[in-house]
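A.B. asks: The residues making up each chain are set out below.
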Amino acid sequence: MASTAAVPFWRAAGMTYITYSNICASLVRGCLKEPYKSEAASREKVHFTISKWANGKPEKPTIRSDSPDQ
Amino acid sequence: MAMAALRREGRRFLLSSASSTPITARSAISNEESCLFGARSISTQIVRNRMKSVRNIQKITKAMKMVAASKLRGVQTKTENSRGLWQPFVALLGDGFSVDVKKNVVITVSSDKGLCGGINSTSVKVSKALTRVYSGPEKETKYVVLGEKGKAQLVRDSKNRIELTISELQKNPLNYTQVAVLADDILKNVEFDALRIVFNKFHSVVSFPPTVSTILSPEIVEKESEAGGRLGDLDLYEIEGGETKSEVLQNLSEFQFSCVLFNAVLENGCSELGARMSAMDSSSKNAGEMLDRLTLTYNRTRQASITTELIEIISGASALEG
Chain A
1 MASTAAVPFW RAAGMTYITY SNICASLVRG CLKEPYKSEA ASREKVHFTI SKWANGKPEK
61 PTIRSDSPDQ
Chain B
1 MAMAALRREG RRFLLSSASS TPITARSAIS NEESCLFGAR SISTQIVRNR MKSVRNIQKI
61 TKAMKMVAAS KLRGVQTKTE NSRGLWQPFV ALLGDGFSVD VKKNVVITVS SDKGLCGGIN
121 STSVKVSKAL TRVYSGPEKE TKYVVLGEKG KAQLVRDSKN RIELTISELQ KNPLNYTQVA
181 VLADDILKNV EFDALRIVFN KFHSVVSFPP TVSTILSPEI VEKESEAGGR LGDLDLYEIE
241 GGETKSEVLQ NLSEFQFSCV LFNAVLENGC SELGARMSAM DSSSKNAGEM LDRLTLTYNR
301 TRQASITTEL IEIISGASAL EG
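Chains A and B, in that order, are what the protein sequence lines are.
Position 10 of the first sequence, counted from 1, bears residue number 10 in full-length UniProt numbering, the numbering being contiguous throughout.
Position 22 of the second sequence, counted from 1, bears residue number 22 in full-length UniProt numbering, the numbering being contiguous throughout.
Where hints are given, some of them may not hold.
[What the hints assert, rightly or not] Quick look at which bits of chain A chain B covers, simulated, 3 or more residues with Cβ under 8 Å: (1) 17-28; (2) 34-40.
[Stated by the list, open to error] Computed cross-link-like contacts, DSS-like style, restricted to lysine-lysine with a CA-CA straight-line distance of at most 25 Å: (3) B/Lys159 x A/Lys52; (4) A/Lys52 x B/Lys78; (5) B/Lys139 x B/Lys125; (6) B/Lys188 x A/Lys57; (7) B/Lys103 x A/Lys45; (8) A/Lys52 x B/Lys142; (9) A/Lys57 x B/Lys103; (10) B/Lys113 x A/Lys37; (11) A/Lys60 x B/Lys188; (12) A/Lys45 x B/Lys78; (13) B/Lys171 x A/Lys52; (14) B/Lys159 x A/Lys60; (15) A/Lys57 x B/Lys113; (16) B/Lys139 x A/Lys57; (17) B/Lys171 x A/Lys45.
I should point out that these hints are in silico values taken from the structure, not numbers from a laboratory.
Computed from a predicted model, the values in this text were never measured in an experiment.
Note that beta-carbon positions come from the ideal geometry of N, C-alpha and C, so glycine has one too.
Please model the entire structure based on the sequences and the hints provided.
C.D. replies: Pasting the structure below:
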């Protein structure tokens, strides 16, 4: 029941369950051996641009790229 | 053949002496129309150019179709596998389409690139219809738009409602990590009571009906489960560990969102490829038809000019004889 004890802590750090599970997943992927490791790492690539809108105008877009832990 | 070559030579000579304007396809015809001496037949240059361009376009559309078809195969298996992610959630929490809440957020999934038939306008249309369905006093609906094309269409008349836009999602092949990061960003930046994800569900290469998936916020799920109904069955489950029900529900609904979004993005990507395949197929077919018509016109004109020349020569010869 380690996860039970951990829940309030990652919540308090401002993480959502998605971030938490992603960190766990990436740890599990890190345990793989080559060549499976690099194959699994290719499924971890992140790339998209996101821009917030305020009053009908887009703000400057931010690019999220290869930073799953951010 | 020799005759035709001669005729062409003669015309070129005439043109270069008569006018100093650069000879483009268009100016050639206007010169022809102003009736030069000795230029008797209609120029086939323009038709030939047109045929060439149509043939090139056909080649491009055929290539695009091939690319879409080969990509589709991989994405389709991925999509079908991803369906297993959200189905347990629907079994557990239901879809909640009819749940009426104050803050609705419509997530419109569209593509970044065009030339794929009507899938983008379908999802935009459905999103707008949803806004009307959920509109009412003290209620508000916001949009989160995935993809350039959906954004371009929604900016026109409801840009004040757009909260977030996301693009370039399909630069790398889609994967869960990417969508999870995206889902996380949406959760952190948007306030909602219910998220309605609009996407084109892939049924087959020719059918992709627009679909709506609903994700309720944990508070609403709790309220609904107290009210009974399908969500009331949640109490039948035993919750392990020291977590409270609201904590479990929050985790569940966050995870549900990322899974459903992952599936939605994949389904839409798959539909996009299918739609592009059929759109490119029909446009190659159209180009082929156009090419046939142009070839016919071209051959007929050529034949006509040859016939005219033959008649002239024969009648000239017979006049000399007679």
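A.B. asks: Compare the structure with each hint and give your call.
C.D. replies: Here is what the structure says about each hint:
no.	hint	verdict
1	17-28	holds (count 7)
2	34-40	violated (count 0)
3	B/Lys159 x A/Lys52	12 Å, holds
4	A/Lys52 x B/Lys78	30 Å, violated
5	B/Lys139 x B/Lys125	20 Å, holds
6	B/Lys188 x A/Lys57	20 Å, holds
7	B/Lys103 x A/Lys45	32 Å, violated
8	A/Lys52 x B/Lys142	12 Å, holds
9	A/Lys57 x B/Lys103	21 Å, holds
10	B/Lys113 x A/Lys37	32 Å, violated
11	A/Lys60 x B/Lys188	18 Å, holds
12	A/Lys45 x B/Lys78	16 Å, holds
13	B/Lys171 x A/Lys52	20 Å, holds
14	B/Lys159 x A/Lys60	16 Å, holds
15	A/Lys57 x B/Lys113	22 Å, holds
16	B/Lys139 x A/Lys57	22 Å, holds
17	B/Lys171 x A/Lys45	10 Å, holds
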